[in-house]
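Participant: Given only the sequences and the hints, what does the whole structure look like? Please build it.
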Amino acid sequence: MAKGVVWSSSKLVLSITVLITIGVGLTEGQPEAHFKCTVENATCHGLADYSNPNGTTLRHIQTLFNVKHLPDILGVNNLPINTTGSYSVGPNQAIKVPYPCRCSNQTGLSDRVPVYKIKRGDTLDDIATTVFARLVKYQQIQEANKAKIPDANNITAGDTIWIPLPCSCDEVDGSSVVHYAHVVIAGSTVEGIAQQYGTTQGILLSVNDMTDPKSLQAGQILDVPLKACSSSVRNDSLDSPLLVPNATYVYTANECVKCKCDSNYNASHPNTNQSINGPFALQWNAQRTSSLAT
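When you line the sequence shown up against the numbering used here, it's residues 53 to 346, in that order.
No lab work stands behind these hints: they were computed from the structure. Since the model is a prediction, treat every value here as computed from it, not as a measurement. Ideal Cβ positions, reconstructed from N, Cα and C, are used throughout, including at glycine. Incorrect hints may have been included.
Computed list of lysine-lysine pairs in DSS-like fashion (alpha-carbon distance at most 25 Å, straight line) [as the list claims (entries may be wrong)]: (1) Lys198 <-> Lys171; (2) Lys279 <-> Lys310; (3) Lys88 <-> Lys198; (4) Lys120 <-> Lys310.
Have a look at the derived ranges for each label pair, beta carbon to beta carbon [what the hints assert, rightly or not]: (5) Gln247 <-> Ala270: 16 to 22 Å; (6) Thr90 <-> Cys308: 33 to 39 Å; (7) Thr136 <-> Asn93: 24 to 30 Å.
Facilitator: Here is the structure:
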């Protein structure tokens, strides 16, 4: 069943249901992604994979996910800061996308972003599987927007809807981490993913409530906790909480200070001279960013 096919014109918006027969595809066989987030109303930043089978640009990704500043995408992918929005992303090339996260009812979801404007011909299933690359299922979109979409078979062109992406703010083994919604590719193993991202198979199984590593499926959204650098900033700061995954960077202090997380670096805060030593540490580099793309 195609969900909510929509036609529109300047004078008329007509929403009808079209019934067709479809096979059970990759997205139908995968469980919905629910990341545990145990501290009510906790906030943090999450990451998710995004890829486009036809290729795209960083600017398109920035717009689709409502990321305010292009350097935020550059940082989590460790791309040069002078990379522009026209940078070409190849077919099926995964790009990490950052977004704010909030915990509610033991689950983490992106904090009211991204917002998507329904286009003529869209269906909820197409929005979930094609536009947002299976990061969410159409049932989750409907549930998050049930006031606007009481019937998944009827959506209206021009309406804006929230796309609820999975995330978490929970510590793992007593350490602050950045939770990364990783899309499992065919041929992957839990152990291989753990090695790739600097964690253990046991942690991945525990965080994702899995008992058998052989149950991993291609297309599954796996919660991968990334080791990160942290720094003490005031709770009312726009940069709070400041967590930077290893081998990435972020701009803070109104885009004036570049903070890079490096597992082999010992540093101190440029203002307080407070030591930030240990297995992971932040490099601070104050610089003007007024000329940077946004």
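Participant: Given the proposed pairing of Lys279 with Lys310, does the C-alpha separation stay at or below 25 Å?
Facilitator: holds, 19 Å
Participant: Can the restraint linking Lys198 and Lys171 be considered satisfied, given a maximum Cα separation of 25 Å?
Facilitator: Given pair Lys198, Lys171 holds - Cα atoms ~18 Å apart, limit 25 Å.
Participant: Using the Cβ atoms, figure out if Gln247 sits within 16 to 22 Å of Ala270.
Facilitator: holds, 18 Å
Participant: Decide if the proposed pair is consistent with the structure: Lys120 and Lys310, CA atoms, cutoff 25 Å inclusive.
Facilitator: holds, 17 Å
Participant: Is the hinted range of 24 to 30 Å satisfied by the C-beta distance from Thr136 to Asn93?
Facilitator: For Asn93 against Thr136, whose Cβ atoms are near 37 Å apart, the range 24 to 30 Å is violated.
Participant: Does the alpha-carbon distance linking Lys88 and Lys198 stay inside the 25 Å limit?
Facilitator: Holds - the C-alpha atoms of Lys198 and Lys88 are around 22 Å apart, at most 25 Å.
Participant: Is 33 to 39 Å respected by the C-beta to C-beta distance linking Thr90 and Cys308?
Facilitator: holds, 34 Å
Hint 7 alone, counting from the list given before, is not met by this structure.
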